[in-house]
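Those protein sequences? They're chains A and B, same order as listed.
Each step along the first sequence adds one to the number in this note's numbering, with nothing skipped, and position 41 is 103.
Each step along the second sequence adds one to the number in this note's numbering, with nothing skipped, and position 84 is 69.
Keep in mind the hints are simulated off the structure, nothing from the lab.
Model, not experiment: these values are computed from the prediction.
Treat the hints with care, as some may be off.
[To be verified] Chain B residues, not near chain A, derived (Cβ > 12 Å throughout): (1) Lys2; (2) Thr59; (3) Gly120; (4) Thr181; (5) Gly185; (6) Ile191; (7) Gln223; (8) Gly231; (9) Lys273; (10) Pro303.
[What the hints assert, rightly or not] Distance ranges between label pairs, derived from CB positions: (11) B:His152 - A:Tyr129: 35 to 41 Å; (12) A:Ile241 - B:Asp151: 44 to 50 Å; (13) B:Ser205 - A:Glu177: 26 to 32 Å.
Quick reminder that beta carbons are idealized off the backbone N, C-alpha and C, glycines included.
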Amino acid sequence: MYTVPYISTPDPTNPNLRFLEEVSLRTAGVSRLEMCIQCGTCGGSCPSADDMDHTPRMLFAMIRAGYREQALKSNTPWICVSCYHCVVRCPQGVHIADVMYTLKSMAIAANADVESTAPDFAQTFVDMVEAYGRSYEFGLATRYYLKHQKKRLPGMAPMGLGMLSKERMSMRPRKIKGIDQLHKILGRAKELER
Amino acid sequence: MDKYLFYPGCSMESNAKAYSESLLAVCEPLGLKLEEINDWNCCGATEYLGVSLTPAYALIARNLALAYNQSNGTQTIVAPCSACYLNLAKCDYYMQERPELGVNVNDALAAGGLHYDAGSLSIRHFLDVLVNDVGLETLKSKVVRPLKGVRVAPYLGCMVPRPDYDHRWSNPEYPNELDRVLKVIGAEVIDFPLKTHCCGGHMTQIGPQTAYELIYRLISAADQYHADVMATLCPMCQMNIDAYQGETNRHKGSDIQMPIVFFTQLVGLALGLDPKDLGFGREFISTKRVLDRIGLEMPEPVEVAPVTKPRKKQEGLPMPRMPREAGDEEVNP
């Protein structure tokens, strides 16, 4: 069940809020990022660390040192596959995967120059969900591939056709009935996010 | 009959249709009643959380609020998809851990006339319900067609046993629930070391090289263990390993044919249901060798031609015709 957190959250009105505190504050739940002891268990557990600019441990050291720009430019959060191996192994209970989500959203907000098409993929997915209330794979795949991976399209065509003919993908989106309600909720949530 | 609120998730309607078909088919013989949450929306998968915080949690919480309003007699949501299960549980948990998040989410929900008190629902995975509510004894008593001689590699992927906010699983890295279910239905279960390793998730789209390595690791290990089939409980895992196996083989220069099905499809077979009603035939990598082992016919693979509709207006652009053949009048006189 739910456990009581033992770290206080930073004061958002503090004018000297450091980058570390800002990341921590913007993370869902209590991030415990301040508790990182730089042991490297996270990087050692990571299935995709090879493709990262920085291992999670390095990234956390950078955050602590206030390297805002470099941290937000790093491809590390975008390579994270959310497998939660590091999360369950971290001896300090840092919510690593959630910190990665925070860094992604901060990179998008800061318009950071990330060398990855992942931000656009995420944004396209979100656009589809906001338009229909459900995910729309056909729209997502076509828009994303046409924009970023044209060369992959011919190779992917048989698979795409297979998905259609096996009725595993629909060319039409499904829209929820309460889409107006959802828009109101998300609209308010976006105001609160600012 | 045990009643549960059911959150299917978007994948169940599309790429994981076989999961949906087989899951709904096994519910009746197992005495489970699932009541779908009316007008549920997408949970945001792993994408929305990385775009903005409050909207992502408000999106998830709308489902929890709707579910709570609909909960007559049950407080349990069952989610079959790993990402949905995790996101619903995560939202419920973090709204409690960070009360400010809960306040903001409810502020947003109020704009749509909804409200949710975190902690009022219990969010569980279908496998958990099968093992702990139905019970393996009951399941065993209903098996009419044991999967004798079928070698299965149990594969859970990441997001069900981890991070496990509610402490429902035997182990976050090496849980035994799926193994136990497969054993009870008579399959030969492999002690599969990669059972909770990553399938690549969305990397098949945005960083295929990363994903192909991870997929290859899984299918080659299953192949080395002489598995007939892998059994999973996650739509994303199934799609990556099944639909991207061809691409992975091309990338690695390998030729592995490792079918992967949802565990509910195998449970359905053991309960004596028809493979056709369990979504067999929707996979890219054929499961014929699995069905052969228990003496069942492989259903015709599902191949539906894309539907074309007649045009709405018959007038409009004229069809070009050969004037002679048309016989009556000249086109463009």
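Numbers of the earlier hints that this structure fails to satisfy, in rising order: 1, 4, 5, 6, 7, 8 and 12
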